[in-house]
Amino acid sequence: MALKMVKGSIDRMFDKNLQDLVRGIRNHKEDEAKYISQCIDEIKQELKQDNIAVKANAVCKLTYLQMLGYDISWAAFNIIEVMSASKFTFKRIGYLAASQCFHEGTDVIMLTTNQIRKDLSSPSQYDTGVALTGLSCFVTPDLARDLANDIMTLMSHTKPYIRKKAVLIMYKVFLKYPESLRPAFPRLKEKLEDPDPGVQSAAVNVICELARRNPKNYLSLAPLFFKLMTSSTNNWVLIKIIKLFGALTPLEPRLGKKLIEPLTNLIHSTSAMSLLYECVNTVIAVLISLSSGMPNHSASIQLCVQKLRILIEDSDQNLKYLGLLAMSKILRTHPKSVQAHKDLVLQCLDDKDESIRLRALDLLYGMVSKKNLMEIVKKLMTHVDKAEGTTYRDELLTKIIDICSQSNYQHITNFEWYISILVELTRLEGTRHGHLIAAQMLDVAIRVKAIRRFAVSQMSALLDSAHLVASSTQRNGICEVLYAAAWICGEFSEHLQEPQQTLEAMLRPKVTTLPGHIQAVYVQNVVKLYAAILQQKEQAADVQAAQEVTQLLVERLPQFVQSADLEVQERASCILQLVKHVQKLQAKDVPVAEEVSALFAGELNPVAPKAQKKVPVPEGLDLDAWINEPLSDSESEDEKPKAIFQDEEQRHAKQRPPEADEQELARRREARKQEQANNPFYIKSSPSPQKRYQDAPGVDHIPVVQIDLSVPLKVPGMPMSDQYVKLEEERRHQQRLEKDKRKKKRRERERRGTRRHSSLHTESDEDIAPAQRVDIVTEEMPENALPSDEDDKDPNDPYRALDIDLDKPLADSEKLPVQKHRNTETPKSPEKEDIPVMEKKSKKPKKKEKKHKEKEREKKKRKEAEKGEDLDFWLSTTLPAVAPAPEEPRVNAVAAAPEEGLEEPRGEVQDADEDKQQEPEKKPSKEKKKKHKKDKEERTKDKKKSKKKTPPREGVAEPMENGALDEDPLPPMSSYCLLAENSYIKMTYDVQGSLQKDSQVTVSVVLENQSSSFLKSMELNVLDSLNARLARPEGSSVHDGVPVPFQLPPGISNEAQFVFTIQSIVMAQKLKGTLSFIAKNDEGSTHEKLDFKLHFTCTSYLVTTPCYSDAFAKLLESGDLSMSSIKVDGISMSFQNLLAKICFHHRFSVVERVDSCASMYSRSIQGHHICLLVKKGEKSVSVDGKCSDPTLLSNLLEEMKETLAKC
Amino acid sequence: MIKAILIFNTHGKPWLSKFYQPYSEDTQKQIIRETFHLVFKRDENVCNFLEGRLLIGGSDNKLIYRHYTTLYFVFCMDSKESVFGILDLIQVFVETLNKCFENICEVDFIFHVDKVHNILAEMMMGGVVLNETDAQNKLEKYEADLAGAPARDIPAVKNMNLSEIPRNINISGISIKVPNLSSFK
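Chains A and B are the protein sequences, given in the same order. Numbering (full-length UniProt numbering) for the first sequence: 1 to 1207. Numbering (full-length UniProt numbering) for the second sequence: 1 to 185.
In case anyone wonders, no lab produced these hints; they're calculated from the structure. Values in this document were obtained by computation on a predicted structure and should not be read as measured data. The beta carbon of each residue, even a glycine, is placed where N, CA and C say it ideally should be. Just so you know, not all the hints are guaranteed correct.
[Stated by the list, open to error] Under the rule of at most 20 angstroms between Cα atoms (straight-line distance), these lysine to any residue pairs were calculated in the SDA-like manner:
(1) B:Lys41 with A:Lys176
(2) A:Lys87 with B:Lys41
(3) A:Lys1201 with A:Val1183
(4) B:Lys13 with A:Gln19
(5) A:Lys176 with B:Gln21
(6) B:Lys62 with A:Met273
(7) A:Lys176 with B:Pro22
(8) B:Lys29 with A:Val22
(9) B:Lys115 with A:Val22
(10) B:Lys115 with B:Asn9
(11) A:Lys16 with B:Gln21
(12) A:Lys118 with A:Val108
(13) B:Lys29 with A:Val108
[Said to hold, decoys possible] For each label pair, taking beta carbons as the anchor points, the in silico distance ranges come out as:
(14) A:Met110 with B:Ser24: 34 to 42 angstroms
(15) B:Lys99 with A:Ala33: 35 to 43 angstroms
(16) A:Asn982 with B:Ser24: 43 to 51 angstroms
(17) B:Glu34 with A:Leu578: 49 to 57 angstroms
(18) A:Pro141 with B:Ser24: 35 to 43 angstroms
(19) B:Thr27 with A:Ser124: 33 to 41 angstroms
(20) B:Asp60 with A:Ser37: 36 to 44 angstroms
(21) A:Gly389 with B:Thr27: 25 to 33 angstroms
(22) B:Glu34 with A:Ala272: 19 to 27 angstroms
(23) B:Val107 with A:Ser37: 23 to 31 angstroms
(24) B:Thr27 with A:Gly1084: 48 to 56 angstroms
(25) B:Glu34 with A:Glu498: 29 to 37 angstroms
[Stated by the list, open to error] Stretch by stretch, here's where chain B covers chain A in the computed footprint (C-beta under 8 angstroms, at least three residues):
(26) 157-171
(27) 1075-1088
Produce the complete structure using the sequences and hints provided.
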């Protein structure tokens, strides 16, 4: 044995530590993966060792490997083992690993609950700290629910180090378990005024995080925060508060008025850039919310813009960036004040930093006016040419389009210019925004009627030079513009100068290399063109020419018929037949133009993109109603109405032939090729389109050489946008001259005073008349379109659950659940309880729930009104707008007064809490007395003290912790009862049966080492009775004990399970037993024993089973149940809690509850049905029971009586 | 809130990654790679902010980074955190590390990533800043406390894994393993 140990430690000596691992990985650069997998194997070996130090080392290495991207979830259990190490250094490693790799899906995470709770209540602040830090990373809804109460207690810890962490982690707890927010909030609020600045700042942090998601619930805290803002000197806290105010002001404009002065003072006085920046941001938010209410806010805006200009002009790129960012916020509401700084923004456009250029671009968007649009776009176009990265160039492109098209082309005075800008943009290479340009071209051509002639001429030129554009045929590439070009030329063909030429351009063989959807548009528009040409020729009585055009189509269309794209193929073959028919008619000299152009008669109107969404639902049509009744009840149980569609899809899927996988397809293809090759009758696969032209006769098939030009070519005949700028300038100049003339006349009449004014605005936006009379057609909307957009809130937003009214007094049911062990099967907390049961039952209760919710909403409204009054008071005490010097005392006085008012609606709990803190001796609250009584009872009489409850209890010495307990309405419930205890070990146990095994129960015993010795060789033995016996390993006699499969280091607890076989379950019984173990410490080891009595109550044979109300009714009607009843007096507990108690301690589930009456159900492991009817009178509770076995029933009721007597 | 903290070198090798939202290992790797490519190609004298157009959340997020010789410190945060604050925080973090390790360099990260994690844990909890302005003083005290209070643990640990006795001696690439006899009890 000893030798083995020595050998073990020698082996261990050669274990790699983290440093060795890192070094090793660095030395194996070429086969890193192999080396790491070898290391992982070693780690797996190390994890099998008993030595905790070795395990910790292994886990430490795993944490490193996790960072490199290796999955270490398989070691989750080992990580938990290391977390439970008693040494801090190991524990820390465990928690670190857990925080790096545990998440909600980690199944073993529930095993950590007890360990974490233990660490939280550890005397060492570092243990607690590391547990809190770890927990903050992997807290799950279950952990949050189970530990919320413990963390609440820690919020009042004596050490600020712990308090701070506890406060912060509450935020995570709220997120995962929103029910905890209301009970915990009063204490959180308290922490805002904690003496320790760290704790205070943590509380501010948490409340700010909460408030930014649901600001309206925190409006009532505004006075408190205002006080903090004017008193705190911690910039970090100030920033947080100021940011919070930024979120609050939109909800309460009066708050903004109050804020603006202290904020401006801060802006003037602070030297910290970060604080200045946040102040400016909040002032902006305030001004946005005020919009126009304040007469003197232009001064504040000026101040902000001024400060921001200083930021932007700074050489520090960060300041520049943020300045621009804040500037863009001002821009939205006060564009005029920002436009004055156009020079600065344009300057930033030349910055070498891309982030800054992008921000400047954002700003430009709001700075354009009719006056400067052309100039700005011109500047941007030069940037487009200069830009090296495609991403930045694409960004520029979208910005140009955004700027020009904003608010319905508001700033465009010359659409010819815009079209030529768009055409110039098509020469960009490798852009991904071809579709954007195309969409703009279409939009402009369709909506601006006056521009169509020009647009068509440009587009036909574009089609003519399509080979330049189509060089890159990638999707969304620039070739998309051909889509628009073809459509415009086709649709507005009447404006074409030389339709024949365009037609030929569209029928070029090269076209077949374009993406399918573009070809399809080509084909369709070829016919439109064709119709126009026919008409033209027939009118000119040029039969010869008309027939030639038809001939051209008949010749060229087949290339599209052969297209691989279905859409193209279909359209082409359809049209080919049509044209052939026309050809026949033409041969007979029948005029056809009329009929062909009739195909495309009428105008296509633009439809607003949102039109479909805005179609109002006709009266009497309920879209959510069933068209057919749902199929069967059994399926519809958990199916949502949507499911019917999903179902259909699935059915479709089934009908489809199973899709062959990749390999199979490849194999088949190969086989087919082989077959084809060997088949003499098979014509070899058709050549690719390009090859085909070369084979085909005709002049047009001379292959066009693609020229890849890196320099954008100026296409001849296309007017450049620059020319327009010049033209426009001239035009404006002329306009101005004319106007000036007129003005001069006027001015001569007027006096000097107005002159200066008018010279400042020589040219305002309104003065510029558009070059063309443009008539921008608005997009069509359905009649009675709904006016506004519905706000699309994300239903999955995790923060939605935290939208909780915090000013409502706490209800009894809203308490943090207090912990117990393993609670997966058993109902947990009172508030969780009825909901699932109710839902299972039927649809009816849902309505109830709804009603309840509605009621709550009403209540909320009322509360809000009250809250409003309090705030009103605070807000109405406006600050005198002079003298910033005596600010502090005044503000404090103002803030303090309304605070008292605010306290009122907060409810008893808070009050009670405060009372207690003031007079710890007296304890006036009724609730509290009751609880103390309960405490005593539980300790002395029943000894049903749970292990879980111990930590807070033991903290009696600390008044703060005690305070925490007083807030719970429901005492901690644990199904684990004390079995036996001595100085070494404490045993608690719980009995669970299962419906599958009708004569077996499992006893879970939690063994906790209370000594400083190491406990090992534990063995549990009981004296079997006739009715119950311990299941022992095979081959052992009835006198042998069952070994406990683990050892206990000091302070550790673990759970062992023992199976008992039971004959009859109708009677309760007790079994005597002994636990023997060896306690080993530094002085040596001793044999120890602990006797216990294992109590099998009748309750312990029950299994919580849900029951539907109809089944329950049938059961009662059947008549094979015998009846019995009890009545208990002197009950003061609420019915809700009472039911919770029965459910929890006696394993019943609520079937139905009406007012103060409830039916409950449970089942024994041998299949006895037990039905209860619980009625609550004023001070008494009566329980009527029905059960298939009278003895079981009476025993059960007796046990229940005992429980109820304590309530 | 801070979403993630990444530290990697100029080759994109991560030395520390801390995600305050659960991601699979593969996604984490991808995020690190993506972030590195975003940050690496930036010039020295440009601003320290990047818009978050990456895996780690949408445009609400920002990347704040600082570049120290061979290392990048990248913090990913949402819009409600103060950018300047975080920028300062990175500086404070690095200064703290500098004090704890005495002239921090990349090697310290390589071999003491656990320690860096522990220091980080004292500054940040679940993505919320724990100690800000006075982080340094607190941390020094904390580290001092640690050295003092659980003193009984530390010798054991040192012998077991955090050995200060060089186990490997690197002489021009040849590494020799020195058996650590002091841990033999």
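Quickly compare the C-alpha distance for Lys16 of chain A and Gln21 of chain B to 20 angstroms and report which way the hint goes.
violated (31 angstroms)
Using a Cβ cutoff of 8 angstroms, are there at least 3 residues of the region 1075-1088 of chain A near chain B, or does the coverage claim fail?
That given contact is violated, which follows from only 0 residues of the region 1075-1088 of chain A lying within Cβ reach (below 8 angstroms) of chain B.
Outcome for the supplied range 36 to 44 angstroms, where the beta carbon pair is Asp60 of chain B and Ser37 of chain A:
Cβ of Asp60 of chain B to Cβ of Ser37 of chain A: about 39 angstroms, so the range 36 to 44 angstroms holds.
Assertion that chain B covers the region 157-171 of chain A - criterion: three or more residues, beta-carbon distance below 8 angstroms
Our answer is that it holds, as 5 residues pass the Cβ test (under 8 angstroms) against chain B, meeting three.
Honestly, do Met110 of chain A and Ser24 of chain B meet the 34 to 42 angstroms range at C-beta?
About 21 angstroms separates the Cβ atoms of Met110 of chain A and Ser24 of chain B, which means 34 to 42 angstroms is violated.
Given hint Lys41 of chain B paired with Lys87 of chain A - CA-CA distance at most 20 angstroms
violated (45 angstroms)
Lys115 of chain B paired with Val22 of chain A [C-alpha distance capped at 20 angstroms]:
holds (15 angstroms)
Taking 20 angstroms as the top limit, are the C-alpha atoms of Lys1201 of chain A and Val1183 of chain A close enough?
holds (9 angstroms)
Starting from the range 43 to 51 angstroms, see whether the pair Asn982 of chain A and Ser24 of chain B falls in it by beta-carbon distance.
holds (48 angstroms)
Is the hinted pair Lys176 of chain A and Pro22 of chain B satisfied, with a Cα-Cα distance of at most 20 angstroms?
OK: Lys176 of chain A and Pro22 of chain B at ~14 angstroms, within 20 angstroms.
Starting from the range 29 to 37 angstroms, see whether the pair Glu34 of chain B and Glu498 of chain A falls in it by beta-carbon distance.
About 52 angstroms separates the Cβ atoms of Glu34 of chain B and Glu498 of chain A, which means 29 to 37 angstroms is violated.
Would you check the hint for Lys118 of chain A and Val108 of chain A, treating anything up to 20 angstroms between C-alpha atoms as holding?
Holds. Lys118 of chain A to Val108 of chain A sits at ~17 angstroms (cutoff 20 angstroms).
Hint compliance for this structure: hints 1, 2, 11, 13, 14, 18, 22, 25 and 27 are broken, all remaining hints hold.
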